[in-house]
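Could you build the full structure based on these sequences and the hints that come with them?
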Amino acid sequence: MAPPEAVPQAPEAAVSTASAVLEARSVSKRFPGVVALDDVGFSLRAGETHALVGENGAGKSTLIKVLTGVYRPDGGELRMSGEPVRFARPFEAQQVGISTIYQEVNLVPLMSVARNIFLGREPRNRLGLIDFTRMHRETGELLDGFGVRVDPRRPLHTLGVGTQQMVALARAVSVNAQVVIMDEPTSSLEPREVETLFRVIERLRGQGIAVLYVSHRMDELYRICDRVTVLRDGRHIHTGDLAGLDRMQLVSMMLGRDLSEVRRSGVTNFAAEGHEAARTPVLTATGLSSRLQLHDISVSLYAGEVLGLGGLLGSGRSETAKALSGALPLDAGELTVDGTTLKRLTPAAAIRAGISLLPEDRKAEGIVPGLSVRENIVLAAMPRLSRAGVVSRAKQDRIVDIFMKRLRIKASSPEQKVGELSGGNQQKVLLARWLCLEPKVLLLDEPTRGIDVGAKAEVQSLIDDLAREGLAVLLISSDIEELIEGADRIVVLRGGAVAGELSGDDVAEDRLLAVLADHAPEPVDRAPAAQEDPR
Amino acid sequence: MNETKPLPTAPAPVPPAAPAARPAGAEQTGRQRAAELLQRQGVLAVLLAVVIAASFIYPTFASLDNARGVTIQASFLAVVALGMTMVIITGGIDLSVGSVFALGGVLAAWASQYGFLAALLLPLVVCGGIGLLNGFLIARGNMAPFIVTLATLLGARGLLLALTDEGATTYLVPKDSAFGELGQGSVWGFGYPIIIALVLFGAGGLVLQRTSFGQTLFAVGGSSDAATLMGLPVARTKILVYTLSGLLAGLAGALNAARLSSGVTIVGVGMELDAIAAVVIGGTLLVGGAGSISGTLWGVLLLAVIQNLINQIGSLNSSYQSVVSGGFLIVVVVAQRYLARSRRST
Chain B
1 MAPPEAVPQA PEAAVSTASA VLEARSVSKR FPGVVALDDV GFSLRAGETH ALVGENGAGK
61 STLIKVLTGV YRPDGGELRM SGEPVRFARP FEAQQVGIST IYQEVNLVPL MSVARNIFLG
121 REPRNRLGLI DFTRMHRETG ELLDGFGVRV DPRRPLHTLG VGTQQMVALA RAVSVNAQVV
181 IMDEPTSSLE PREVETLFRV IERLRGQGIA VLYVSHRMDE LYRICDRVTV LRDGRHIHTG
241 DLAGLDRMQL VSMMLGRDLS EVRRSGVTNF AAEGHEAART PVLTATGLSS RLQLHDISVS
301 LYAGEVLGLG GLLGSGRSET AKALSGALPL DAGELTVDGT TLKRLTPAAA IRAGISLLPE
361 DRKAEGIVPG LSVRENIVLA AMPRLSRAGV VSRAKQDRIV DIFMKRLRIK ASSPEQKVGE
421 LSGGNQQKVL LARWLCLEPK VLLLDEPTRG IDVGAKAEVQ SLIDDLAREG LAVLLISSDI
481 EELIEGADRI VVLRGGAVAG ELSGDDVAED RLLAVLADHA PEPVDRAPAA QEDPR
Chain Z
1 MNETKPLPTA PAPVPPAAPA ARPAGAEQTG RQRAAELLQR QGVLAVLLAV VIAASFIYPT
61 FASLDNARGV TIQASFLAVV ALGMTMVIIT GGIDLSVGSV FALGGVLAAW ASQYGFLAAL
121 LLPLVVCGGI GLLNGFLIAR GNMAPFIVTL ATLLGARGLL LALTDEGATT YLVPKDSAFG
181 ELGQGSVWGF GYPIIIALVL FGAGGLVLQR TSFGQTLFAV GGSSDAATLM GLPVARTKIL
241 VYTLSGLLAG LAGALNAARL SSGVTIVGVG MELDAIAAVV IGGTLLVGGA GSISGTLWGV
301 LLLAVIQNLI NQIGSLNSSY QSVVSGGFLI VVVVAQRYLA RSRRST
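Keeping their order, the protein sequence lines are chains B and Z.
For the first sequence, full-length UniProt numbering begins at 1 and goes up steadily by one.
For the second sequence, full-length UniProt numbering begins at 1 and goes up steadily by one.
Hints were generated in silico from the structure; no laboratory data involved.
Glycine is no exception: its CB is placed at the ideal position from the N, C-alpha and C atoms.
A portion of the hints provided could be inaccurate.
Stated by the list, open to error - If we take Cβ atoms under 8 Å as the criterion, some of the chain B residues that face chain Z in the derived model are:
#, residue
1, 90
2, 91
3, 108
4, 109
5, 115
6, 122
As the list claims (entries may be wrong) - Computed list of chain Z residues with no C-beta within reach of chain B, every gap over 12 Å:
#, residue
7, 58
8, 122
9, 166
10, 200
Structure follows, in structure tokens:
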């Protein structure tokens with residue numbers, strides 16, 4: 001992989017990057033239909049801990065993959081200590097000293113701790129064979145430095161996730177790394193393990209190793225990071241010291257909202273006035289808890305209202321929706337629908353009780369692209385439409401006709417394959433599928449993501465109509481305007497727990513941002529379950 | 001990669017089967033320990049039990065002659081299963097070995113008229129080439145091993161039929177040639193193929209446990225994504241392992257031809273399934289990532305002993321051998337599920 005443009009860069013460029021150990025210069029990466037990185041510049045100094053933040057689709061993971069050799073950039077260049085570098089494979093990035101630990105532990109579960117750490121660079125004895133004695137000794141010494149005491153011979157899968165993460169970190173650091181990239185390293189760690197991780201990061205800083213730290217947890221960022229880079233929609237937004245940066249400012253940069261022009265205007269297609277909610281809740285969830293994902297979440301949904309679920313990426317929004325639909329295994333918690341507590345929390349039980357979930361990833365979890373519009377719509381309603389296993393075609397056609405008209409699904413005929421429709425129409429087909437079950441509660445996870453503006457408006461006004469007709473709707477959206485204008489009430493999540501609740505006039509952008517940033521200039525309405533106790 | 005420093009405490013060379021890979025188990029649950037033990041030593045225990053029981057019941061079974069017969073029978077399958085073990089550890093499968101085995105035999109018999117070296121090299125080159133093709137299509141072409149090796153299974157068998165005029169022509173190994181001796185000669189009555197197989201297993205164990213290549217095989221099978229992200233040469237390793245499997249199958253075929261003094265076209269049909277069965281019975285996970293050479297050796301021997309016993313009984317149709325082997329296979333697969341579940345429960 002000889003770089004074709006081996007011409008030395010202009011001298012002033014070299015001066016400006018003297019202290020940068022790793023630098024990305026106007027890096028671009030396109031995927032079919034998406035510009036994942038658009039002319040992004042970024043530099044990492046030796047010995048600093050640098051936070052990389054951004055919401056979904058901001059380009060964080062793409063940038064990481066470019067830096068670690070998984071992707072090759074379409075434009076721009078990477079420099080390591082001022083020298084242009086190109087990586088054809090992850091191995092080449094590792095060779096120049098860039099190590100990565102991924103969110104999911106990327107080691108081999110069935111192999112021993114020592115083998116995992118030394119894979120690809122095993123110590124040899126005089127005969128050229130692997131020297132296990134030395135490998136185990138060095139593994140022990142290495143892990144001691146991380147405060148981890150495990151037998152190096154144990155298969156990795158017998159260890160806890162946190163310890164596995166430490167092993168991954170030990171591997172990353174032991175390859176003479178100059179740069180260690182950590183992609184949400186704490187997402188599966190217990191608080192005690194997080195402390196160990198932070199101690200290790202401090203040590204790396206002392207050794208002059210640069211750490212790129214990706215996390216959604218504001219507390220962590222402010223505790224251990226020196227500088228921060230914000231990406232949004234594939235573009236570089238801001239790089240600067242974290243110390244002087246207000247949390248509110250940081251969050252508003254991530255979300256792309258200018259604090260000075262926070263307003264409440266009719267950008268979305270939601271009706272300006274709220275809905276008339278019933279007095280008693282249709283759905284009450286109490287104490288939903290799932291190890292490391294949800295901590296004691298309690299929410300109530302009333303018929304005829306749209307409840308917004310706010311929070312940054314990784315705050316547990318989707319997990320909460322999944323829990324409410326019985327799709328997330330829970331350690332504790334109860335669901336009550338119309339006064340009846342569900343005995344077993346399974347998706348089937350939730351559907352029977354009248355709870356429908358429109359999942360976030362409609363491609364993976366929702367539509368069946370090879371089936372027709374009709375087949376996709378009646379899929380979930382099959383048991384109701386069939387008698388002795390035979391499905392009445394006339395009934396199907398009637399239902400499909402009603403929903404295609406009502407939701408204005410644009411398809412050449414009910415027999416057109418759903419895969420051929422636009423994203424917005426696919427989303428409507430999914431919505432129709434759940435609506436023909438006549439649910440009491442509709443959980444919508446990012447219902448307008450990835451669909452065009454016109455379809456978005458239609459889906460939004462549809463949500464409005466459904467609530468007006470007496471459905472209880474839970475709306476998750478990363479689009480702040482959509483959330484503010486669509487919801488009557490907003491429950492804000494942070495770190496898998498309820499951080500606050502906004503209702504009435506508090507349903508406004510500045511208030512929402514304040515809660516998101518955990519920055520409360522005035523007391524924020526706190527739900528009873530808002531104690532920050534993680535257990 | 002090479003940061004080998006002089007060893008401060010130069011340890012005596014450890015035998016390859018050193019218990020280095022044994023899990024510490026100090027904090028493992030009893031269930032896990034039991035499952036691991038079953039995985040590692042289960043076949044050996046069953047093999048010993050069957051051999052001891054059979055020795056009491058059938059006096060002819062325990063004879064040295066019978067032992068020679070059983071082991072020479074098993075040696076060809078063993079060589080094929082050795083390659084299969086490595087392939088399966090990477091999470092792949094090689095269905096072509098049976099056809100390649102037969103092709104190697106015919107090529108060796110044909111080439112034996114040109115001397116010992118030709119008889120040995122021709123099948124190795126051709127069969128290694130088929131393995132290389134398999135590996136290349138699988139690793140670089142990103143195709144499913146099942147389909148690729150099914151295609152080469154058919155292709156190699158077709159090539160074989162073309163070479164022998166649909167089996168009408170049989171190539172004979174010249175009498176008293178050095179190549180014939182390779183298959184028929186023996187040390188204390190134990191044929192050379194047995195010794196060759198044992199040497200290959202020793203070398204295979206060393207490669208698997210004590211070289212980077214061996215470790216990479218486990219890593220690729222355990223988690224291909226992780227292996228790639230760790231910067232391991234995943235594609236190269238896959239190509240190498242299928243080439244190795246082709247080479248070993250060709251070698252086994254050549255040895256078989258030397259022993260039979262001719263290239264028989266009808267051998268090796270379904271041999272890939274026997275090899276897979278032996279590997280899986282030997283405790284290698286069919287999904288990859290875990291397994292051992294020694295387990296495969298015991299698995300091959302167990303299959304051979306069962307066949308021998310059914311022949312000893314005499315009144316039993318030899319077809320029942322497959323029934324018994326099938327039974328063992330099911331037991332092992334159930335045990336593996338158990339193992340997988342105890343693993344998940346951590």
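Against the structure, the hints come out as follows:
no.	hint	result
1	90	holds, 5 Å
2	91	holds, 3 Å
3	108	holds, 4 Å
4	109	holds, 6 Å
5	115	holds, 6 Å
6	122	holds, 6 Å
7	58	holds, 40 Å
8	122	holds, 31 Å
9	166	holds, 44 Å
10	200	holds, 17 Å
In this structure, every one of the numbered hints holds.
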